[in-house]
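There are 2 protein chains.
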Amino acid sequence: MATLTHPTSKTHLFTKLSLKPKKFSSPSRIRMALQENAPSLAVVGVTGAVGQEFLSVLSDRDFPYRSIKMLASKRSAGKQLTFQDRNYTIEELTEDSFDGVDIALFSAGGSISKHFGPVAVEKGSVVVDNSSAFRMEEGIPLVIPEVNPEAMEGIKVGTGKGALIANPNCSTIICLMAATPLHKHAKVIRMVVSTYQAASGAGAAAMEELELQTREVLEGKPPTCNIFKQQYAFNLFSHNAPILSNGYNEEEMKLVKETRKIWNDMNVKVTATCIRVPVMRAHAESVNLQFEKPIDEYTAKDILKSAPGVVVIDDRASNHFPTPLEVSNKDDVAVGRIRRDVSQDGYKGLDIFVCGDQIRKGAALNAIQIAEMLL
Amino acid sequence: MATLTHPTSKTHLFTKLSLKPKKFSSPSRIRMALQENAPSLAVVGVTGAVGQEFLSVLSDRDFPYRSIKMLASKRSAGKQLTFQDRNYTIEELTEDSFDGVDIALFSAGGSISKHFGPVAVEKGSVVVDNSSAFRMEEGIPLVIPEVNPEAMEGIKVGTGKGALIANPNCSTIICLMAATPLHKHAKVIRMVVSTYQAASGAGAAAMEELELQTREVLEGKPPTCNIFKQQYAFNLFSHNAPILSNGYNEEEMKLVKETRKIWNDMNVKVTATCIRVPVMRAHAESVNLQFEKPIDEYTAKDILKSAPGVVVIDDRASNHFPTPLEVSNKDDVAVGRIRRDVSQDGYKGLDIFVCGDQIRKGAALNAIQIAEMLL
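Just so you know, the protein sequences line up as chains A and B, in that order. For the first sequence, this note's numbering begins at 7 and goes up steadily by one. For the second sequence, this note's numbering begins at 7 and goes up steadily by one.
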């Protein structure tokens, strides 16, 4: 994200084939968005990949607001930013940033959320936090609007009573968008997930490093390794999240634990292997499902076709299935390769392949859908 | 593979970081290789990615031969080729190509193997075939030397009695190199595989297209799609093999069926999802294993450390695990992320991550190891 005025310019390069050019708000849409009785917003971490996407999604969805604060670290404070044809000055995030803020969208990393999340709640803001800081905390809703909206019942804006809602990890959101409709029909008892994760999950700088490294490798130069400690271009590697004592990395255990919390089912068994692949901004996941009740692939396909936020791309004849490029900058999670698992008896197993935009539904869009439910 | 004199030049660009420069045969090593009482060889499909790797591996391993025929299609016939400091003229593959040939290494596609394999056997040659033409045929050994050498017992060269031995599919070889030592200890009853497959599996032209597309996309141009019908650069997609009536593609069913034949176990349950990723020449596989008997991760690691042709890269502290780049142009299959599967009770499940050079152990090296066992 080199420029702040065009959030996705950097990624257009890699997604233009699958993209209709991004619509920017027409004056009429701005009038719709700017409303006196609408909530006041704050975007925390506005210069980051997800922060920039917050703005893009707010604009695309005509999210109504009466004011919006652009918050970031001291380093970015004072910089100018254009949003919906208005200029904003980025302010430094401080304890006073949340006075009069109804909804605060956080995506500035776990430590910032840990410190400033409760500060904002104290000031009466409803915080939608994209970090992992509070996801597993007892009593804090972990929400995918299409999956478990009931988890945030009773939370309202403008009551002066603050609250915190956690946005799940991108891999969990993308996986459960496809798995949940099937789970509701036949009850998933075990899930084996292998991910193909894009650079965007590590932020804008990682996306830039992948592009830089690729240019370097094509020129026969050694690749610059600042964000990742090894070559990423034309390579892949086990996810860079810290490894836990059980040998899983944190990214994998998020899929295990967040699935249980979101499905409110402590017995569902999940294992995951998370791999970083040289793709720009959309994740893919190979998901093997074991069910309690029988479900055939035709029923599964029908269920997924009518699931909100899901699009089925499963054309066997032309070998057309979901790809990261096709879902980049798109809202829907795409699912395909829907087939009966030949390694399971009867009709209690399915294999599916899922792709979703990591920055959009995997982060910014999901958070803003949560905010929409507050209105 | 632009030039024929330097088999791996094209891929050095992408693998140089992990490579010590390739040693070429010293005069003394040539003397070792060229022996009057050694077998006469033929390489069928010598201009292809695997054909070129046949030569590289023969040279690296000082494979003894008294003569070697370089065979290809009419298109390449007459071209010059340098091998071990000698010049050869590529000959067109015909019915007469196999007179006096002891060992014929085939990698020219299934239809060529189907037609010329039996012709060579008729002439008394032992054919090691890298295509899928004969793999599942009753009575034809499907061999990974480290796994099931017994399958080719009784086959000898120079007896005038021809025979055909099939080389398994690359994904199967790489997966079973790691899974078999564990299978022999605790018996695998079910395996869930997700692959991350390199361009090389689709041949030299696919590797060139990935490089070309990447340059084009970086320049903002639409990518050239000749080998694959969609953008490959900074993207991934379901394997391009034909889709079967059960919804699996042929690549996936090779893993299912070849595993049963190689392990001589018709009851082992396997499912696979095969994905093509923008990596040049080494495959990765995420493998979830269910065992009949208990096996803990420490025992598994010890077993794999002492397994022939396997190297364990499993450094949790520094987050160092196998990558395609690290195994490119290497003989050993690397395995890491060895951990107890938290989704299975007791100690009857493991997750592992495997990487292997698709052209080398996945094809050429395995075939030449088979040929070595014939001597």
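What the hints contain is simulated information worked out from the structure, not anything from laboratory work. Please read these numbers as outputs of a predicted model, since none were measured by experiment. Misleading hints may appear alongside valid ones.
To be verified - Here are the simulated lysine-lysine pairs, BS3-like style, with alpha carbons at most 27 Å apart: (1) B/120 <-> B/263; (2) A/336 <-> A/299; (3) A/275 <-> B/120; (4) A/227 <-> B/227; (5) B/299 <-> A/275; (6) A/275 <-> B/336; (7) A/299 <-> B/354; (8) A/193 <-> B/311; (9) B/275 <-> A/354; (10) A/299 <-> B/120; (11) A/227 <-> B/263; (12) B/190 <-> B/311; (13) B/354 <-> A/354; (14) A/129 <-> A/190; (15) A/227 <-> A/193; (16) A/336 <-> B/193.
Stated by the list, open to error - Label pairs and their computed distance ranges (CB to CB): (17) B/235 <-> A/230: 31 to 39 Å; (18) A/117 <-> B/231: 42 to 50 Å; (19) B/248 <-> A/298: 32 to 40 Å; (20) A/142 <-> B/248: 40 to 48 Å; (21) A/252 <-> B/166: 56 to 64 Å; (22) A/106 <-> B/230: 48 to 56 Å; (23) B/256 <-> A/164: 44 to 52 Å; (24) B/165 <-> A/352: 24 to 32 Å; (25) A/191 <-> B/80: 38 to 46 Å; (26) B/102 <-> A/352: 51 to 59 Å.
All C-beta atoms, glycine included, are put in the ideal place defined by N, C-alpha and C.
Hint-by-hint comparison with the structure:
1. The straight-line distance between the Cα atoms of residue 120 of chain B and residue 263 of chain B is roughly 20 Å, inside the 27 Å bound, and the hint therefore holds.
2. Taken as a hint, the residue 336 of chain A and residue 299 of chain A pair is broken in the structure, with Cα atoms around 33 Å apart against an allowance of 27 Å.
3. Straight-line distance between C-alpha atoms of residue 275 of chain A and residue 120 of chain B comes to about 46 Å, which puts the hinted pair past the 27 Å bound.
4. Pair hint residue 227 of chain A plus residue 227 of chain B holds up; C-alpha atoms about 23 Å apart against a cutoff of 27 Å.
5. For the proposed pair residue 299 of chain B and residue 275 of chain A, the alpha carbon gap of about 20 Å is at most 27 Å, so the pair holds.
6. Between residue 275 of chain A and residue 336 of chain B the CA atoms are separated by roughly 37 Å; this puts the pair beyond 27 Å, and the hint is violated.
7. With a C-alpha separation of about 24 Å, the suggested pair residue 299 of chain A and residue 354 of chain B falls inside the 27 Å cut-off, and the hint holds.
8. For the proposed pair residue 193 of chain A and residue 311 of chain B, the alpha carbon gap of about 39 Å is over 27 Å, so the pair is violated.
9. Under the criterion of a C-alpha separation no larger than 27 Å, the hint pairing residue 275 of chain B with residue 354 of chain A is consistent with the structure, at around 14 Å.
10. Our distance criterion of 27 Å between C-alpha atoms is broken by residue 299 of chain A and residue 120 of chain B, whose separation comes to about 45 Å.
11. For the hint pairing residue 227 of chain A with residue 263 of chain B, the CA-to-CA distance comes to about 43 Å; that exceeds 27 Å, so the pair is violated.
12. A C-alpha spacing of about 14 Å is found between residue 190 of chain B and residue 311 of chain B, which places the hinted pair at or below 27 Å, so the restraint holds.
13. For a cut-off of 27 Å, the pair hint linking residue 354 of chain B to residue 354 of chain A stands: about 21 Å separates their Cα positions.
14. Restraint check for residue 129 of chain A and residue 190 of chain A: the C-alpha separation of about 38 Å exceeds 27 Å, so the hint is violated.
15. Of the pairs offered as hints, the one joining residue 227 of chain A and residue 193 of chain A is violated, with about 51 Å between alpha carbons and a cut-off of 27 Å exceeded.
16. With a C-alpha separation of about 44 Å, the suggested pairing of residue 336 of chain A with residue 193 of chain B is violated against the 27 Å cut-off.
17. Checked against the given bound of 31 to 39 Å, the beta carbons of residue 235 of chain B and residue 230 of chain A, roughly 33 Å apart, stay inside it.
18. For the pair residue 117 of chain A and residue 231 of chain B, the supplied restraint of 42 to 50 Å holds, since their beta-carbon distance comes to about 44 Å.
19. Distance hint for residue 248 of chain B and residue 298 of chain A: a CB-CB separation of about 33 Å, consistent with the stated range 32 to 40 Å.
20. For the pair residue 142 of chain A and residue 248 of chain B, the beta carbons lie near 44 Å from each other, so the given range of 40 to 48 Å is met.
21. Between residue 252 of chain A and residue 166 of chain B the CB atoms are about 59 Å apart, so this pair conforms to the stated range of 56 to 64 Å.
22. Against the hinted window of 48 to 56 Å, the Cβ-Cβ separation of residue 106 of chain A and residue 230 of chain B comes to about 55 Å, which satisfies the hint.
23. Take residue 256 of chain B and residue 164 of chain A: their Cβ atoms lie about 59 Å apart, and the range 44 to 52 Å is violated.
24. The beta-carbon spacing between residue 165 of chain B and residue 352 of chain A, approximately 50 Å, falls outside the hinted interval of 24 to 32 Å.
25. Between residue 191 of chain A and residue 80 of chain B the Cβ separation comes to about 57 Å, which falls outside the hinted range of 38 to 46 Å.
26. Our hint of 51 to 59 Å for residue 102 of chain B and residue 352 of chain A holds, since their Cβ atoms are close to 55 Å apart.
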